[in-house]
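Student: Turn these sequences into a full structure, and let the hints steer you where they fit.
If you're matching positions, the sequence shown starts at 1 in the UniProt record's numbering and goes up one per residue.
No lab work stands behind these hints: they were computed from the structure. A quick note: this is a predicted structure, and the numbers were derived from the prediction, not measured. The C-beta atom is built at its ideal place from N, Cα and C for all residues, glycine as well. Heads up, some of the hints might be wrong.
Once the Cα atoms are required to be at most 27 angstroms apart in a straight line, the calculated DSSO-like pairs of lysine-lysine come out as [as the list claims (entries may be wrong)]:
id: 1; residue 1: Lys-27; residue 2: Lys-67
id: 2; residue 1: Lys-372; residue 2: Lys-315
id: 3; residue 1: Lys-135; residue 2: Lys-104
id: 4; residue 1: Lys-420; residue 2: Lys-361
id: 5; residue 1: Lys-468; residue 2: Lys-372
id: 6; residue 1: Lys-372; residue 2: Lys-361
Have a look at the derived ranges for each label pair, beta carbon to beta carbon [said to hold, decoys possible]:
id: 7; residue 1: Ile-280; residue 2: Glu-107; range: 25 to 33 angstroms
id: 8; residue 1: Pro-190; residue 2: Gln-48; range: 36 to 44 angstroms
id: 9; residue 1: Ser-28; residue 2: Leu-178; range: 22 to 30 angstroms
id: 10; residue 1: Gly-258; residue 2: Pro-369; range: 23 to 31 angstroms
id: 11; residue 1: Arg-470; residue 2: Gln-48; range: 57 to 65 angstroms
id: 12; residue 1: Arg-474; residue 2: Thr-426; range: 18 to 26 angstroms
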Amino acid sequence: MGYARTNTVCMIGATAVAVTVEASVFKSSAKGTDTVRMSGLPDSVVNQAQTRVRSAMANSALRFPDKSVSVNFGPASMPTTGSAADLALALTIMCADDTLPTEKLHETVLLSELGLDGTLRAVPGTLPALMEARKSGMRTAIVSPENAAEASLVDGLAVYAPHDLATLVAWLFGQTTLDPVMRTAPDAAPPLPDLADVRGQPAARRALEIAAAGGHHMLMVGPPGAGKTMLAERLPSILPPLTDAEAVEVTSLHSLRGRFSGGAATLMRHAPFEAPHHSITMQALVGGGSGHVGPGSLALAHRGVLFVDEAPEWKRSVLDSLRQPLESGEVRIRRANTSISYPAKVILVLAANPCPCAPNKPCDCTCTPQMKRSYLPRISRPLMDRIDLRVNLPAVPPSAILSELSEAEPSEQVAKRVAKAREAATARWAESGAGWQCNSEVPGPALRSERWRLPPPVRKSVDDLLMKERITARGYDRILKLAWTIADLREHDGPTADDITIASELRIGYTLS
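Tutor: Written out as structure tokens, the structure reads:
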């Protein structure tokens, strides 16, 4: 009887789990009963790995044992998912059969799918998987050539990327050499769209700045061509660059979706921007589905912007699936044997036309009064209650379009004010010890506590709105958060009565009389 073990990593949602692959090879006492038995909690993809391994070994001039093979994936209580364990399974079986030396496999993580021809193929989630492997004590990683650049981002690991199984086996026998993958200089990141490109719309630009400074959700209503999409696309350009930890976190999520480009080794340094089409399914938006549960557009927009264009055209059930993640900052997907979560701290930007016919001029509208009244309410009230900023965009005048000069501020200048406001908020809330990074993260009870409660004369206008039931309790707290953000941008020590009034008007969507 032979025994061997190797190391790999599987992804359960956004969490990487180090997995030990054990194999025991023995001669069965009964003729014709040689089988491969797998234990642990392998999913269907892992169970099918023996077919890929047999074919890959046969096409690489390697022999699969003509004996009974028992394989265990440990911890046995944790689900083992995906095809990343293919290579580990193949090498463990060969080592257990004493046909492969094990010296170079100590403290080595194996992470690759096997093609039927023996080629090593890419797997999603290589970056977070190898970071977990490094934490668990691994010093060497073997991945596919497509994942080589991504793997080189992990410090402290010697990365090798053989083309196929035969080359890897020859290297393990010392019959050939493999050069470790070197981190290449990243290509210059393409410039982000600049806010200076937007003509007119000073109120919307100001609201966008407030949204960026405080992490507030936003709704823009206006005719086609008013600049709703242009404004949303330029929001990432005024958000602070991602820190090192945030860049790894965001890049890991995109790696799980298989979006990470293997052409250059670079982390995502700017806030991501996701703009799914209104025909998207709930599973594609928040994650889930049958089989592999990957991150949806909401998680891919983590630390960035989720843009929902033509919001009234979306299915209400799909839009309403955003409600809980917007509050908690994460997506939780429950299955029979496990619970999967993805981080989802986003700025949600909704855009809508004022009515179904979407005329450039209100006088050209062909909708009936009933159609007008029922269009925007297609967005449910519970979701609208989570939107802090509501801005009406007028049509852009021809003079603004035809002018050769633009007096609009570029994103660089606006971003400086946003960064300064965020620094002020972070320093203030650090006194609470809760680690809130921006005003939108502060819970209402904290804002209404004795330490941060505003004087009655300052909050009189918002108190009146609550007493008259023109806003909900959640709306009351969100106006306070908006007021703190406005105060930070205006470099006030705390919100003034004017800041509260401005916040209330932005929340309600029209000027208070």
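Student: Give a verdict on every hint.
Tutor: Each hint tested on the structure:
1. With a CA separation close to 5 angstroms, the supplied pair Lys-27 and Lys-67 stays within the 27 angstroms bound.
2. Taking the CA atoms of Lys-372 and Lys-315, the gap is near 18 angstroms; set against the 27 angstroms cutoff, the hint holds.
3. Restraint check for Lys-135 and Lys-104: satisfied, since their Cα atoms lie roughly 19 angstroms apart, inside the 27 angstroms limit.
4. Between Lys-420 and Lys-361 the alpha-carbon distance is near 39 angstroms, which puts this suggested pair outside the 27 angstroms criterion.
5. At roughly 26 angstroms between alpha-carbon atoms, Lys-468 and Lys-372 fall within 27 angstroms of each other, so this suggested pair holds.
6. Note on Lys-372 and Lys-361: the hinted pairing holds, with a Cα-Cα distance of about 14 angstroms set against a maximum of 27 angstroms.
7. About 43 angstroms separates the C-beta atoms of Ile-280 and Glu-107, a value inconsistent with the hinted range of 25 to 33 angstroms.
8. Distance hint check: the CB atoms of Pro-190 and Gln-48 are about 40 angstroms apart, consistent with the given range 36 to 44 angstroms.
9. Restraint check, Ser-28 to Leu-178: a C-beta distance of roughly 36 angstroms breaks the suggested window 22 to 30 angstroms.
10. The supplied range of 23 to 31 angstroms is broken by Gly-258 and Pro-369, whose beta-carbon atoms lie about 48 angstroms from each other.
11. The supplied range of 57 to 65 angstroms is met by Arg-470 and Gln-48, whose beta-carbon atoms lie about 59 angstroms from each other.
12. The supplied range of 18 to 26 angstroms is met by Arg-474 and Thr-426, whose beta-carbon atoms lie about 24 angstroms from each other.
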